[in-house]
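Sequences are here, hints too, so could you generate the full structure?
If you want the building blocks of each chain, they are given just below.
2 protein chains.
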Amino acid sequence: MRKVTFGCANSLDNFIAREDGSYDWLLHGEEANEVMREFWPKIDTMVMGRKTYDIAQQFAPKPKKKNQKPKTHIGQLKTYVFSRTLEPGERDDVTFLNSDPGAFVRELKQQDGKEICIMAGGDLGCALLEAGVVDEIGFNIHPVLLGSGVPLFHKMSHQIDLELIECRQFKNGCVYVRYRVKN
Amino acid sequence: MRKVTFGCANSLDNFIAREDGSYDWLLHGEEANEVMREFWPKIDTMVMGRKTYDIAQQFAPKPKKKNQKPKTHIGQLKTYVFSRTLEPGERDDVTFLNSDPGAFVRELKQQDGKEICIMAGGDLGCALLEAGVVDEIGFNIHPVLLGSGVPLFHKMSHQIDLELIECRQFKNGCVYVRYRVKN
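Line by line, the protein sequences are chains A and B.
Residue numbering for the first sequence follows our numbering, beginning at 125 and increasing consecutively.
Residue numbering for the second sequence follows our numbering, beginning at 125 and increasing consecutively.
Read the hints as simulated data drawn from the structure, not as lab findings.
Treat each hint with caution, since some may be false.
If chains are identical, the list can't say which one is meant, so a pair holds when it fits in one copy or spans any two.
Said to hold, decoys possible - Derived EDC-like pairs (lysine to aspartate or glutamate); straight-line CA-CA distance at most 20 Å:
| # | residue 1 | residue 2 |
| --- | --- | --- |
| 1 | K279 | D247 |
| 2 | K295 | D285 |
| 3 | K306 | D148 |
| 4 | K202 | E254 |
| 5 | K279 | E143 |
| 6 | K175 | E143 |
| 7 | K238 | E162 |
Dropping the structure here:
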């Protein structure tokens, strides 16, 4: 069965973006880059929320030639984006979906392939945690209380027990925590 | 100026108690006890929220003789409890208050004495953080997503920057983090 990981950067008060969606408070550092460099080769599939997909597109380097596609990890990875508003179907190397995320990822885990990464906010992330299809979670807790914003966690119907795998203190004051989800 | 510390135990999704106020999910361990043993001698004053005060009373060992008071840290420490419902005034070694917590703690910091500890949930804790009177925060992050409960953090009017002082991984899977508040 393929391992499913849900992770992101968050503030200590568990916001993943400001109210207006901005993420100017994110700290960059070699240690976080190293975590990501180790992680990318393990996965071949990405499941994203639509808002996170929009943000990932903004982060992508601008194409140098006209009509050239932006260079992102998308394209090298099989990418699924869940959206309630966009038309389902394949375009721009992405499959857009509006079906039940839990059932979809449960099915995806049964297929052959490498690990699966969930890049999403609280809506999709918590839906998948509640559905019991997430095996690991990892957060890069930033040294800031944003006070308001887009929440990482939403109300869930039941408690989810975790096992701490790793805890690292980064030079920039971030704390990186990784847990096994006891499904 | 006396140092003010706000701290508590929380779930990874930042709840400090279940919806019904219960805290059966709290893990005990020698490392957390050690942190508290180092902390107690530094303080001589405690500022509590009323709900936290009620919980602290439950935690106190039962008196062995009739009419004997429960043995808590309260009594050894000057204790103030903020409550919107209880009658203000001194009783049972405690001063009950319903004034503005920020102004009260700001005044308290100017007085002679040892450090001040805030034992409270999000209501009082965030009011004091917003008022800029908290110097340090420390949380014992438990390896669990409660899914719902009493929130540690409430919406705040502005961002609060932090400096990570300490991050410790406990044997029981808790992560203890301590930050300086950049007021």
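Hint check:
Taking the shortest alpha-carbon separations for K279 and D247, both the intra-copy value of 10 Å and the inter-copy value of 19 Å come in at or below 20 Å. For the homomeric pair K295 and D285, the shortest alpha-carbon distance between copies (16 Å) is at most 20 Å, but the shortest distance inside one copy (29 Å) is not. In this assembly of identical chains, K306 and D148 lie within 20 Å of each other by CA distance solely across copies; the values are 18 Å between and 34 Å within a copy. Within a single copy, K202 and E254 get their C-alpha atoms no closer than 24 Å, and across copies no closer than 45 Å, so neither meets the 20 Å cut-off.
For the homomeric pair K279 and E143, the shortest alpha-carbon distances inside one copy (18 Å) and between copies (11 Å) are both at most 20 Å. Proximity of K175 and E143 under a CA criterion of 20 Å is satisfied intra-copy only: 13 Å inside one chain copy versus 30 Å between copies. In this homomeric assembly, K238 and E162 come within 20 Å of each other (Cα to Cα) only inside a single copy, at 14 Å, whereas the closest approach across copies is 47 Å.
Hint compliance for this structure: hint 4 is the single one not met.
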